[in-house]
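**Student:** Spelled out, the chains give:
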Amino acid sequence: MKMKRNDIFRRFAAWFSGKENIDDCIEQQTDDAFLTQDGYEHHRRHEKLMRLLEERPEESLRSLEIRSFNKTYIVLSVLVCVVLAGVLLYAVSFMPRFGTADNPANNEVADKYLEDGLEDTGAVSAVAGMILDYRAFDTLGESFVLFTAVCCVMILLGREDGRVSEKCECYEGENDQILHRLVRVLVPATMLFGCYIILNGHLSPGGGFAGGAIIGAAMMLWCVTLGFRSTERFFNGRTFRVVTFAALTFYCVSKTYSFYTGANGIASVIPLGTPGAMLSSGLIMPLNVAVGMVVSCTMFGFFSLFMRSKI
Amino acid sequence: MDEAIRIFLLVMLIACAVSVSFTKKLLSAVVIFTSYSLIMAIVWVLLESPDLAVTEAAVGAGITGVLFFLTLKKINMIDSDTKENDEDEKK
Chain U
1 MKMKRNDIFR RFAAWFSGKE NIDDCIEQQT DDAFLTQDGY EHHRRHEKLM
51 RLLEERPEES LRSLEIRSFN KTYIVLSVLV CVVLAGVLLY AVSFMPRFGT
101 ADNPANNEVA DKYLEDGLED TGAVSAVAGM ILDYRAFDTL GESFVLFTAV
151 CCVMILLGRE DGRVSEKCEC YEGENDQILH RLVRVLVPAT MLFGCYIILN
201 GHLSPGGGFA GGAIIGAAMM LWCVTLGFRS TERFFNGRTF RVVTFAALTF
251 YCVSKTYSFY TGANGIASVI PLGTPGAMLS SGLIMPLNVA VGMVVSCTMF
301 GFFSLFMRSK I
Chain Y
1001 MDEAIRIFLL VMLIACAVSV SFTKKLLSAV VIFTSYSLIM AIVWVLLESP
1051 DLAVTEAAVG AGITGVLFFL TLKKINMIDS DTKENDEDEK K
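In order, the protein sequence lines correspond to chains U and Y. Each step along the first sequence adds one to the number in this note's numbering, with nothing skipped, and position 235 is 235. Each step along the second sequence adds one to the number in this note's numbering, with nothing skipped, and position 51 is 1051.
In short, the hints are calculated from the structure, not lab data. Hints may contain errors.
Unchecked claim - With a straight-line Cα cutoff of 27 Å, these simulated DSSO-like cross-link-like pairs (lysine-lysine) come out:
(1) Y:Lys1024 x U:Lys71
(2) Y:Lys1024 x Y:Lys1074
(3) Y:Lys1024 x Y:Lys1073
(4) Y:Lys1025 x Y:Lys1073
(5) U:Lys71 x Y:Lys1025
(6) Y:Lys1074 x Y:Lys1025
Start from the sequences, fold in the hints, and give me the full structure.
**Tutor:** This is how it looks when you write it as structure tokens:
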């Protein structure tokens, strides 16, 4: 840094005194700078590098520089990690002990959800009642995050002309009979399991997100083994847009209705049904289906876009 | 017995998490990462949150694993190790 500043000063002085070839002037002066301490150190470092170069001629000056940079990088990254861990641990020491009864997290909200959840939402699974009834707005936001992500990927990677390069078809199982038979048995079962998880979301663990992810994974498996031609018959960009748009619109409209009735104290016309029955808990099951559709389409859409830049 | 299983699972969890970053082969790293998710799913069940367990198994072990494999396939990293070995043998 010091050397650089000196250089700038010299350059400025040379320019100020009206010399024409400033660079020559500076070179000459840096030769003189060997006499100073900085110049001497620089000279020694240069000599050391040259000696190393003579010992190992296959390595250039550049690689030596890279190696010293790597060493500094490792040391600095370890230092940053240790400091960060120390700061975070210090911050954690101010927090209340984990699992204590009078923690701020154990307030009346959780009690309300657990005590009145079955009565208010009609869902046997308290989690489903929470995320799709009390906190339905959060789930709507999550669905929109996924939708927006796919839209961005479509804008970035999608091809307008719809041209698909054959090379991008990253599947090898074209002629593998074992794989084909296996997938033809496995994928329908997996899809059925995903549908079960979505439709049973208000009765058992799981719900729209998990079920949608399972269905998306099943579709990916099918696509990887049997090629994109076989999935194009039932799933293309148009299907994706229609299904996602319909699911999100249904979610918005139905939740607007239930928020409106709930906020104004109007009795909702949607029956809650008997808790534990298949057709119960009001809007939770249709909303689960909507979320599942969005998630499965999103997962498959990501896969398809990354594999060949087209849904 | 229950406690022993818990401790074993947690130790395996840490072992998986550490070995992911120390694995040279990307394919093995993805497989270890997937097994990490599966162990985590069992831990969620033991912690009495089956909803999270289902989601972890579906997303962590299913979707993430498939996407990682496909990415490796796309950037031709699955076959590169075996190819290098073949070239070494030829030499």
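**Student:** Does each hint fit the structure? Answer for all of them.
**Tutor:** We went through each hint and held it up to the structure:
1. A C-alpha spacing of about 20 Å is found between Y:Lys1024 and U:Lys71, which places the hinted pair at or below 27 Å, so the restraint holds.
2. Between Y:Lys1024 and Y:Lys1074 the alpha-carbon distance is near 19 Å, which keeps this suggested pair within the 27 Å criterion.
3. Distance check on the hinted pair: Y:Lys1024 and Y:Lys1073 sit about 17 Å apart at the alpha-carbon level, within 27 Å; holds.
4. Distance restraint check for Y:Lys1025 and Y:Lys1073: the Cα-Cα separation of roughly 13 Å lies within the 27 Å cut-off, and the hinted pair is therefore satisfied.
5. At roughly 23 Å between alpha-carbon atoms, U:Lys71 and Y:Lys1025 fall within 27 Å of each other, so this suggested pair holds.
6. In summary, the hint linking Y:Lys1074 to Y:Lys1025 is supported, as the alpha carbons are separated by about 16 Å, within the 27 Å threshold.
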